[in-house]
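If you're matching them up, the sequences are chains A and B in order.
First residue of the first sequence: 1, per UniProt numbering; consecutive thereafter.
First residue of the second sequence: 1, per UniProt numbering; consecutive thereafter.
Since the hints were made in silico from the structure, they are not lab data.
From a predicted model like this one, the values you see are computed outputs, not experimental measurements.
Don't be surprised by glycine CBs; every beta carbon is placed ideally from N, CA and C.
Misleading hints may appear alongside valid ones.
[Claimed, not checked] Going by beta-carbon spacing under 10 Å, a handful of chain A positions derived as facing chain B: (1) 48; (2) 52; (3) 55; (4) 225; (5) 238; (6) 261; (7) 265; (8) 293; (9) 295; (10) 327; (11) 329; (12) 330; (13) 354; (14) 360; (15) 382; (16) 385.
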Amino acid sequence: MPKYLVRLVHMHESFRRAELHALAEVAGVEMEILKYDEDSPFCIIHLPSEAAARSLISRSILSQGIHELWGEGSTYDSLHTSVRDQTGSKWSQFEHTPFRFTIDSFRGTRSPAEQNNIIESFSYMGFDGPIRMKDPEASFRVFEDYDFKASEPKYLYLGRFIAASGRHAKTTFDLKKRHYISTTSMDAELALITANIALAAPAKLFYDPFMGTGGFPIACAHFGAVVCGSDIDGRSIRGTGGSARKGQTGKMDVMGNFTQYGLEASYLGAFVSDLTNTPLRIPALDRSSRGGYLDGIICDPPYGIREGLKVLGSREKLGETELATHEDRFKQPNYIPPKKPYSFTAILDDILSFAVSTLVENGRLSMWMPTANDEDIELIVPTHPCLEIVSICVQPFNKWSRRLLTYRRLAEADMPQGFLDVAVKEYEKGVKADDLNDFRRKYFEGFKEFKESERLRLDPGGVEQMQMPDSKGVSGRWRGKEREKEK
Amino acid sequence: MKLLTLNFLTCAIKTCKSSPASFPLHPRDAELEVVEADLNLAFLKNILPRLMWDELRVIASELGLPALPETPPSKADLSIPSPTAPAPATTLQLDPEAIDAPENPPVVESDVEEETPSQTAVDLHRILLETCITEGKLVCGNCGHEYAVKEGVANFLLPGHLV
Numbered sequence: 001m002p003k004y005l006v007r008l009v010h011m012h013e014s015f016r017r018a019e020l021h022a023l024a025e026v027a028g029v030e031m032e033i034l035k036y037d038e039d040s041p042f043c044i045i046h047l048p049s050e051a052a053a054r055s056l057i058s059r060s061i062l063s064q065g066i067h068e069l070w071g072e073g074s075t076y077d078s079l080h081t082s083v084r085d086q087t088g089s090k091w092s093q094f095e096h097t098p099f100r101f102t103i104d105s106f107r108g109t110r111s112p113a114e115q116n117n118i119i120e121s122f123s124y125m126g127f128d129g130p131i132r133m134k135d136p137e138a139s140f141r142v143f144e145d146y147d148f149k150a151s152e153p154k155y156l157y158l159g160r161f162i163a164a165s166g167r168h169a170k171t172t173f174d175l176k177k178r179h180y181i182s183t184t185s186m187d188a189e190l191a192l193i194t195a196n197i198a199l200a201a202p203a204k205l206f207y208d209p210f211m212g213t214g215g216f217p218i219a220c221a222h223f224g225a226v227v228c229g230s231d232i233d234g235r236s237i238r239g240t241g242g243s244a245r246k247g248q249t250g251k252m253d254v255m256g257n258f259t260q261y262g263l264e265a266s267y268l269g270a271f272v273s274d275l276t277n278t279p280l281r282i283p284a285l286d287r288s289s290r291g292g293y294l295d296g297i298i299c300d301p302p303y304g305i306r307e308g309l310k311v312l313g314s315r316e317k318l319g320e321t322e323l324a325t326h327e328d329r330f331k332q333p334n335y336i337p338p339k340k341p342y343s344f345t346a347i348l349d350d351i352l353s354f355a356v357s358t359l360v361e362n363g364r365l366s367m368w369m370p371t372a373n374d375e376d377i378e379l380i381v382p383t384h385p386c387l388e389i390v391s392i393c394v395q396p397f398n399k400w401s402r403r404l405l406t407y408r409r410l411a412e413a414d415m416p417q418g419f420l421d422v423a424v425k426e427y428e429k430g431v432k433a434d435d436l437n438d439f440r441r442k443y444f445e446g447f448k449e450f451k452e453s454e455r456l457r458l459d460p461g462g463v464e465q466m467q468m469p470d471s472k473g474v475s476g477r478w479r480g481k482e483r484e485k486e487k
Numbered sequence: 001m002k003l004l005t006l007n008f009l010t011c012a013i014k015t016c017k018s019s020p021a022s023f024p025l026h027p028r029d030a031e032l033e034v035v036e037a038d039l040n041l042a043f044l045k046n047i048l049p050r051l052m053w054d055e056l057r058v059i060a061s062e063l064g065l066p067a068l069p070e071t072p073p074s075k076a077d078l079s080i081p082s083p084t085a086p087a088p089a090t091t092l093q094l095d096p097e098a099i100d101a102p103e104n105p106p107v108v109e110s111d112v113e114e115e116t117p118s119q120t121a122v123d124l125h126r127i128l129l130e131t132c133i134t135e136g137k138l139v140c141g142n143c144g145h146e147y148a149v150k151e152g153v154a155n156f157l158l159p160g161h162l163v
C-alpha cells in the first residue's frame, strides 16, 4: 500500500490521532498509522489509494493536507537516495507539468537562498514544465522537522500534494462571526473535532442534551448529520431577544444560527428538558426491543462553574402545602419549575446509561469532562459495561484540563451478561453545589498547589523547564547568531 | 420542531414511561407550519426502520394531515429504480431526447448513485421533515399532562409536585 504524509497542525496534539482514526472509519478506508509523534506535525500513514486519501482528509480539522510520500531520510543525502529509489519511475509523468516546489520547516526557518539551494538539489528529477506558484498541476514540498532550538533538521520528507483538509470550516464557524452565542459556547474548532470523532456524517441522527446555543449540533450538521437538541434553559434555545453584538438587531436564536450557515434543513428542532427526566423514549434494554435510534450523542455537560449543574427537583423535600401550591399554579404562564444542584459524577453516569439505551449499535457518545491537573486522586473516567472507550483526548489549561471522552455502544450480543443489575452507586450527598461537585469546589479554592518541595521531588526535570528563557520568537536569525558563536 | 421529533418523544414523568399509552404524545390545538427543506433521501432510508409507524399514523390523522399508508414503506419504495434497471426500452420510447444519444453509457453515471426519490419519499419528507409544530400542546395519553409548545420549542420541564 502506498504511503502518505499527513501534514497535521501542531495544536490539540492528543486529538489528532483520534481524529484520523475517526475519519478513516467515516470514509470507510483502511488506514494504518506508521509513524506518529506527539511532538511532530508529520504523520506517515498507509492508505489503499489516492482517492482514499482525498476522502479521508476532506473533513479533517486538525491537518492542513495530505501528500503522497516521495521519500524520507535523516539527512538530505539519504532523502535524495530514498527519492531516487522510490519514485524514479514517476518522474516522467511530471516532466512537462506546471509545478511548484516549496519548503515547510517545522520549528525552523531557511533563508530564501538556502531554500533555493534545497530546491535546486532536486533538479535530477528533471521537471521541465513551467514553474507556477499559483494553481500548479503538481505541487511538491520538502518537510523539515527540527528539534526544539536545533540548527539542523532531524528528519526530512518529500511529498507530492494530494488534497487540502477541511480546516477552513474552523473559520466559517468561528464564534466571533456566529450571530448567537453564550458564555459557554464551545470553540468552533473543538466542536468540529468532537463531531468528527463522534462520526457525524450524512444520513445520521445526532442529539445534544446540553445544547445551549447549539454549537455542537451545528458542527454535526456541517458534516451532514441531522440534529436535534435540548437544554434545561429554554431561554438559550428560543433566545431572549436582542443581541450583545454591535450593529445587530432583531431576535437571535438557535434556529437563526442554523439559518446563518444554511443548515436549517438538518435541524429537527429543540425542546426544553432535563436529562434526569428526559422526554425521549428509553427503549427497554432487553434483546427483544427495537433498540436505540440515535447515531450519536455529543455534549459538553455543565461543569457547575460558569454554567450551573442543575436538574429538576427541590433542594429540600417539599411539604404538603408546597406540593399543593405547585399543583395549583403549574399551569400559569409565569410558573417556573424548581431546580436543584446535582452531583457531577451522577450526571456523567446518567449520560452513559442514557446513551446505552438510545444509541444504535456502534453509535458513539462524545462528551467533555473537566478535571484538575494536580489532583491527588484523578477524577475517574466514568465507564459502563455496555460502552467501550474509543479515545480520551486532553485539552490542558493552566491548573485544570478537560477531556473529550468518546465511547462506542457495544452490540447487544457483546454486552456482558447481567449488565442490567449494575450496582447502584453512591454519589455525593448534599443540597449545595459545592457538596455535590468536587471539581467545582477545587476550582474555587484555586486548585491549591502542591508545596514546591513536593513538586520538585515528583518532577526534578521541572526546574530546568522553569529556568528556560521564553521560547517565543525563535527564528532563523537567532539560530544564525548561535551558529556564528559556535564558529 | 419538526414532526419527526414526535417519533422519539414520550411523557417525561418516569412512572408514565413504562405505560404504552404514554407514546405517542397527542398534539392538541397545534399550529402547523410547512418549512420547505431539501429532501435528504439517505437520511430517510436510515431513519425508516426506527420509525414507530403506527404511532406516526395516529399523529398524522390527529393533525389532519394526509393519511400515511397502513404499512410502512420499505427502503426500496423510497427511490425510483434507476432508468438502467428493468425496462430501458420503454424509457427510450417515452423520452425523445434520449434518442439523440442512444448509446450514452448510463452505467458510468449510475456509479455516482444519484437516486431519484419516489413520491412515497416526497410525502414522507413533507410530513416528517417539513411540517413543524410552532404553537400548541403535547398531551400524554396516560396521565394527561400537557406540555406546551411555544415558538416551536416544547417545554418538558416537570412542575415541582411531579418530580
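Hints, one by one, checked against the model:
1. For residue 48(A), the interface hint is violated, since its Cβ never comes within 10 Å of a Cβ in chain B; the closest pair sits about 18 Å apart.
2. A cut of 10 Å between beta carbons decides the hint on residue 52(A): the least distance to chain B is about 16 Å, and the hint is violated.
3. Against a cut-off of 10 Å between C-beta atoms, the interface hint on residue 55(A) is violated, since the closest Cβ of chain B lies about 14 Å away.
4. Taking 10 Å as the C-beta contact cut-off toward chain B, the hint placing residue 225(A) at the interface holds, the least distance being around 9 Å.
5. With its C-beta approaching chain B no nearer than about 5 Å, residue 238(A) sits inside the 10 Å limit, and its interface hint holds.
6. Using the Cβ-Cβ criterion of 10 Å, the hint placing residue 261(A) at the interface with chain B is not satisfied: the shortest such distance is roughly 14 Å.
7. This hint holds: residue 265(A) has a C-beta 4 Å from the nearest C-beta of chain B, less than the 10 Å allowed.
8. Evaluation of the residue 293(A) hint against chain B yields a held restraint, the C-beta minimum of about 4 Å falling below 10 Å.
9. Hint on residue 295(A) holds. Least Cβ distance to chain B is approximately 8 Å, under the 10 Å limit.
10. At about 5 Å, the closest approach between the beta carbon of residue 327(A) and any beta carbon in chain B falls short of 10 Å, and the interface hint on this residue holds.
11. About 8 Å separates the beta-carbon of residue 329(A) from the nearest beta-carbon of chain B, less than 10 Å, and the hint is met.
12. Because the beta carbon of residue 330(A) sits about 3 Å from the nearest beta carbon in chain B, less than 10 Å, this interface hint is met.
13. Below 10 Å, beta-carbon pairs count as interface contacts, and residue 354(A) has none with chain B, the closest being about 13 Å; its hint is therefore violated.
14. Interface hint at residue 360(A): satisfied, since its Cβ lies 8 Å from the closest Cβ of chain B, which is below the 10 Å cut-off.
15. The beta carbon of residue 382(A) is not positioned within 10 Å of any beta carbon in chain B (closest approach about 22 Å), and the interface hint is therefore violated.
16. Violation of the interface hint for residue 385(A) is found here, the shortest Cβ-Cβ separation to chain B being roughly 22 Å, above the 10 Å cut-off.
When each numbered hint is compared with the structure, violations occur for hints 1, 2, 3, 6, 13, 15 and 16.
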